Every structure is written in structure tokens, then in C-alpha cells.
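Residue numbers (the UniProt record's numbering), protein chains in the order written: chain V, 1 to 496; chain A, 1 to 496.
It should be emphasised that the hints constitute simulated quantities derived from the structure, not laboratory data.
Mixed in with the good hints there might be a few duds.
Any copy, or any two copies together, can satisfy a pair, since identical chains are not distinguished.
Stated by the list, open to error - Here are the simulated EDC-like cross-link-like pairs (lysine to aspartate or glutamate), alpha carbons at most 16 Å apart as the crow flies:
no., residue 1, residue 2
1, Lys40, Glu485
2, Lys128, Asp103
3, Lys308, Glu6
4, Lys308, Glu49
5, Lys157, Asp142
6, Lys308, Glu176
Just so you know, these numbers come straight off a predicted model, no measurement behind them.
Protein chains: 2
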Amino acid sequence: MAIPAETFFLSGEQETTLQQQIQQIVSEAILSGRCLAGEKMPSTRHLAEHLGVARITVTNAYTELVASEYLTSRGRSGFFVAETAPQRPILAITERRSSAQIDWARKISQKVSDALPIVRPANWRDYKFPFIYGQSDARLFDHRNWRACALKAVGRKDFDTLATDHYERDDPMLLEFILRQILPRRGITARPEEILITMGAQNALWMTAQLLLTQRRKAVMENPCYPGLRHILRQSRCTLDLVDVDQDGLPPERIPQDADVVYTTPSHHCPSNATMPLARRRALLDRAERDDFIIVEDDYEFEMSFLKSPSPALKSLDRSGSVVYMGSFSKSIFPGLRLGFIVAPEPFISEARALRSMVLRHPPSHMQRTTAYFLSLGHFDAQITRMARSYRARRALMEQSLRQHGLTPAAPETFGGSSFWMKAPDLVDTSKLAMDLRQHSVLIEPGEAFFAAGDESRSYYRLAYSSIASARIEEGVALIARVMEDHLGAPLPDRE
Amino acid sequence: MAIPAETFFLSGEQETTLQQQIQQIVSEAILSGRCLAGEKMPSTRHLAEHLGVARITVTNAYTELVASEYLTSRGRSGFFVAETAPQRPILAITERRSSAQIDWARKISQKVSDALPIVRPANWRDYKFPFIYGQSDARLFDHRNWRACALKAVGRKDFDTLATDHYERDDPMLLEFILRQILPRRGITARPEEILITMGAQNALWMTAQLLLTQRRKAVMENPCYPGLRHILRQSRCTLDLVDVDQDGLPPERIPQDADVVYTTPSHHCPSNATMPLARRRALLDRAERDDFIIVEDDYEFEMSFLKSPSPALKSLDRSGSVVYMGSFSKSIFPGLRLGFIVAPEPFISEARALRSMVLRHPPSHMQRTTAYFLSLGHFDAQITRMARSYRARRALMEQSLRQHGLTPAAPETFGGSSFWMKAPDLVDTSKLAMDLRQHSVLIEPGEAFFAAGDESRSYYRLAYSSIASARIEEGVALIARVMEDHLGAPLPDRE
């Protein structure tokens, strides 16, 4: 590939000649690794035109650079970066850069990287037994039809939709499908003005915190909970109260009276998968009305209720408009899609739309339209059915293997989902266990990340089966049990 | 299309029988417009299974609903929503909803919708003479190759890239191209750790405000400036100082000494298109170093410098690391893509990455990979060349028409770009002019939105030629001149 002339600029320094300046910028480009050995240099004519200098000046500079072995001349083919060109070690570049005088620790007013939850290694797909949560399984994904929908969405007919930044509104086709097909399955009726497309559930949660919380307000969070939410709420600097969940999820009677916003996962609590019974849902809504707080309902993974019919969303029972509901396609399509939605009263949605517009304008139109086609052509429903069938089989295998090897879930569940919330013997530190298991190519999620604090959290862990092949489950579970026994220094009590 | 059984839920109320509950949820679904006339109801067997009731209960409920004309029975084909089914007017639904007791004005802690800049009508493509800025022109876009790249990016080979939410890093292929091909054209050398992909320039600007500003810090903005930036800085609640630009852009000597962050568009000022000369750039960088402020350089539309070779970015002269640089593909590909990038010292980038991860995780992988292919296969360069050629021709036509009809640019320019910054006679209010021009199917951008305040701003306006066909330019300009003369009550002085 030829190096474009446009990548060279004169420094404009008065002390050096034009020819010297050209020699300097070319050698600098080679030393910095920007121009690689063997690449073709711009022709003398092109470079002279671009820099606005006489061609002979460039020719003289190139000749000098050949003499100093930065370039080679191949006759009529032109000039190339020499294979023997001098190289500056990467370190030197770093050094030059790090001599910057800016004190960034002082310049940065909002330090976000503190306590950023890290759940899995970037190369998790290289692990043989990835019991990790929330990633898509290429074996279950309807790749062919997704591809067909992507192609359709990039067609000429849809060009305006694709190209324009219509931040005032979302893709009407996607909205229509969510309103008419997705929300009714959760028992929710909504108007187009009551829904906003987001960059996944994470983005939706973040927006609620921005719009509803301040330093003087109080948020209530389930304990344990989704680590991404804790990160958001800590950054918002609001007062934060934790309420321990029980086997029915969040107990409404334990919510403090001065709560402003209550975050909850009633359909299946994250990470324990507990489902909140109807009576408790009504009690929660009554509390919200009486004590005037807003409920944020994260209805993630609602599609995966294959063990029994899903309970309708809390939002479907909401008469006073106190529930801000959110769903996501991350689990049912794939997380790299970054699409979710918020359903809430119009005054909230219009502010959320303004916030979204300021922060990022809108989720890319192409992703919205591709998803709209995938949903409306029926591929989504087929995909969910296929996933549910596969998860059901994997879950049965998991249950059998867990029992066989003496590993015990923390609580009974009835929902389905894609993971088990597990409890190890008290003496086991699952964070250490997880690190050791990596040596055996096993990935598990230690409980620590889900809890606010406290040592008792360290014996919990999550085992997901959404990314692991059925054929690997038994061997993986056996490895977990074996390494756990090493940690305990004793056999697991419940091993069959 | 059949209505899925999964969209019905029992209310669980004790006072009514199961059959009554079923009648109620079905009639409610029809009244609310969720189930439409002619649609097929779930079979009695399916609905009974889903609700966990006896089939006869559903059959009895359906029979009652037929009697009350909500449903019709078509023998073996099953039950359908009756064409004569009662309908509740939309208003009633709205009423029920708006009876909510929540006082959202009080609940919402951060009101973002105030002063949200509105630049163009949503249906701008329906206007015959759209002199509006920043939207893509379908006639110039290489749709065929973009489509091929989108298809390639959704291939099986790239599935992991597409599906995973790898928020730790950006698409390595896209990064590589930006580092090796885009940045060098701006004179910038950077390492992968010094760059972050963003959801367009808007998202990049927003992140700098989040990370660098607080209520106790001072931001400096050019006047006039990009309205989206003013919205962001006002929301950040920092102290805000405006510095009037002159024909060379931002004058460094007028920057207050206590500035913390200075926002600037040196390559061509927005909206006047002034280019900052080299000497002034050096003076600006010297000031930044002496007074310890950060410069945010918005290098939007740098590809469109077709009148002369572009000047290298301010960032390329930055020795102390005080410049946070941002670019975007919105103008050169299309704005609905929502992709841009920040180049800055590593400590800043790592915080920006953490912030992005918290707010939205990452720009969708598919958009990143499609763009990477479009760039690396050479389509991007071809596209820019084609756009520049077309813009050059349109610009010449514009200049000729403007001269002919007595409309005058506010300042001479040398860069290129895609718009003219115009000055009407002092008596003309361009906001009113713009509203009147809509009647003639002409869209212009009044100056008001670009200025902080002051009545003198009202005689400025922007005319962009990136979305208007060459053949329409002369007629559109003539219309602007005619309506302007109506406003003035006199002929324009400079008309040829």
C-alpha cells in the first residue's frame, strides 16, 4: 500500500531548510513506526504538490534519505521505505510522550474508573469451560437470518433511515414491534410517547440515575445486585441504602421511608434468580404510592422463563405511573448489539430523550432497523424458542452434575434463566477459587462482585450455562468441585 | 397474524371468577387497541395452558365475548377479534394514563430538555431547497460498497467481534486504520492506548465535559459556536466564558487566565469556517502550557479541505499533552453511523473508557467493523474525493448565485467545507426569515442558535450545500434573496 502524501506536513520552522524539514518528517514517520519497511513513498511530484514546494527539493530530500538508508530507490517504481531502515524502540516513543507535564489526576474531575466491575477476562472464549453470564452462544444464534435482516436494513429503500441522525425519534418500525408484541407479553400497554430506545440496559439504568438522583436523594438497591448498577449509583453520589433480598426477592417492608428511587429485578432477581410473588409486588407498588418513591424495574432476560409461564412485569400492575421499566435485547439477540428500551410516563421519557440526545444523539439507525426486521419477520421468536429449549437441556445437565459433585445452589428457583446462584462451604473464598480455576481453563463468577461488602459474600458464586457447550458441562463442574475440595482440604459434604 | 397467548395474564384478583378475569383481560386488550379487528385469538387450548386454567373456562369466556360482540367465532378456524368490536377512543387511554399522581417536574433532578438546540424540521428531506448542514447526500454516498462492507462485517468470521460486548477495547481493525491512515493526515502520531472510539463527536464533547469540568471550574467557548456544545457546557454547570472569534478564529490573548478547559475548532471554526493560522496555534499552545489549561480540539469535517491543503491539527503541534483531540465520521460517511474518536494522553483516555463503559458500554461492534472495512478497502478515500469534487462544484455555483442575488458571506474563507457563514443586512431577523422561507420550501439555519445572546446575532445565518442538489441551488438562493427583500422592504444593496 502506498503511503498517502497527505500524511506529511512541514513543521514551518524557520531555522531549517525545506529539504531538511522534509528529511526530518520522513525519517520521523519511519522511526515512529508509522511508515513500515517495504511501503511505497508518495511520488516526488505528489509530495511536492501537497507540500507546496519545488519537486527538486523533494527529490534531493529523498536522495539524502536513500544515502542514510531510510529509503531505497527502485528506479521507475519510485521510492520505498528501506528494509534496513533505522528503528526506534517503542520505549523511546513512550518516553517522549510520558514527559508530558499535565497532572491528569488533578485535571480529571470525575474519576469513573474506580470500582469499575471487572467480571471476565477479555479472552474468555479461549477458555474451555466458560461458566460466564450474559454472552451469546454462536451455536444458538440464527446467524443466517440476522445477516439477511442486516442486508435488508442497508438496502437503498432504507437509506434515509440509515443515514440520518433523527435524534428526535426512534425507528418507528422497531417501536411498533416492541409496543405491539414485546410489551404485551409482559402485560404492559404503552403509547409511542412512553418508550425510548437505549444503548442496552446499562445505558437505561444510567439514564434513570442521571435524571432521578442527586447528592441529596436516596437510592435503594437490592443486596446482592448487578455490579454495573452499583457502579452507576456510586458515581451518582446519591445516598445509597442496601436491602438484603430473601427467597422472594426484595422485601418491601424493609425499604426505608425516605427512599426516592428503588431499583429492583422482580421477575428474577439478579443474581439469585428469585421471583417476586404477586402479593409482594402489590405491596411494593402500594409502598411506592404511599411514600412517593419511583421504582426502576430491570426486566432483563425476561424471555428465558422456560420453567414456567413468566409473571407479568411489575409495570403491568402500575396504576399510579411510579414504575420506570426497562428491557434489553442483549440476552436474546447478542450484547454487542447494544439495544434496549425504557417504558415510563411521558414526562420522564421526554427528559430521557433529551439526555440521550445530548450524550450520544441516538443508537445507530442501522442496528435499530436490523433488529426491527429480525423481530417482525419472526426470527426473534424462533430464536427465543431455540435458546429456551437448549437452556432447558443444559440446565438439566447442570443440575445433575452439580448434585453428582456435591455443589449446591444457594436457593431453589423456578424461573429458568441462564445461570445458577451457588453457595460454597463457608470456608471457601470464591474469588481465590475463581483465580485457581483459570489454571484449569474454567471460568466462574465469584460472589464478591455482587455484594456491597462483607466477608459472608465470599462463599457465593454464579455459574452460567449460556456460553458453555452441553458436552463440556460435566467435566467443568467436576473440575470446580475438585479445586474447591483442594481449597477446603476436605471432600465436599454433599458429594453423591 | 395470530395474537400470542403469552400476551395475556390473569390479574389474580380474588373477587372475580377465572372466567370473568379472562373476559376482562381480552376486552381490555381490544379496547386499548392492542388487539385489532380481524386478528386471530389464541386457541382455547393454548390460552388455557398458558394461564394454567381449565380449557372449558376459556371456552366459556370466549363464548361470552362473542355474545358481547368483542369476538366472532369462525367454526374450526377459531376465534377472531370482531370487526364490530367496541372501541375506546385514544383519548380515554390518555386520560387514564395522565391521571397518574407523580409530580415529574419535582422528581426529575436534572432537566436536560431546556435549551435543547433544534436546528431543522424532522421532515427536512421533503423540502425542495434544504440548505441545511451536516446531513448526508444519498447521491454522493457509495451505497453499494457500504452495503458490501456491512455484509462482510456480519459474516461468520466476524461473529465474535459482532456479538461480544468487549467494552475493554475497541475494534482493533478500526483503531489500526485510524492510527495509521487518518491521524497521520492530521499530522498526529498516537499509540492505541491514546485513542477511544465514541458515539460521534457529540458523545466525545460530552465526555470531555464530564471528565474535566465541575461547578468550580471554568470552560471557555468560542462565540459563535456549535449549539450542541453550548447545551453540554450549560448542563455541566461549570462557569462559562465566551470569547468572540475574529477572522482567524479564537484569539488566544483573550482567553481568561483562570480557564480550565478551552473548546476550539482551529481547522475551521464552527460556524464561520475561519482557519487559525500557525502562529496563533503556537500562541494558543503556549498559553495552555503557561496557564495550565486543557484544549479540546474539535476537528470536525477535516476531510473537506478541498480549496487548499489542510493545516495539520493543533494536536500535531502539542508537545506538553494539553490537547484532547476529536474527529468524527459523521460528515464523511453519514451521521446516522454515530462514530467518532478521541485522541488524548493515556490517563485521560482510560478515564473516558471507564465513563463510556458505565454510560453505554461501547459503540455497536457491527458499526465499528463495517466502518473498518469501508476504510481499509479504500472506499472511504474514494468517497471523500467524490464528495470534495462535488462540494467544490456546488460551492462555485453557490458563490455565483450569492453574488448574483446580492447575498453576502460574513467573511472570506479559504478552507472548503460544506457551508457559507452569511451576513444579512442589519435589519433582517434571520429567525423570522427562516420561518417565512419554509413556506417556499427553503430551509436555512438562522444565526441565533450559534450565539450565546445578543441581538446582533440575528442578522447572521448559515447556508450549507451538502444536502442540496446543484440544479436547485440557483432557484433556492433567488428565493432567499426575494423573501429577504420582502423583510427589508427594499432591494438588497449588492444585487448584480
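Original post:
Going back to the hint list, which numbers does this structure go against?
Top reply: Hint check: 1, 2 and 6 fail, others pass.
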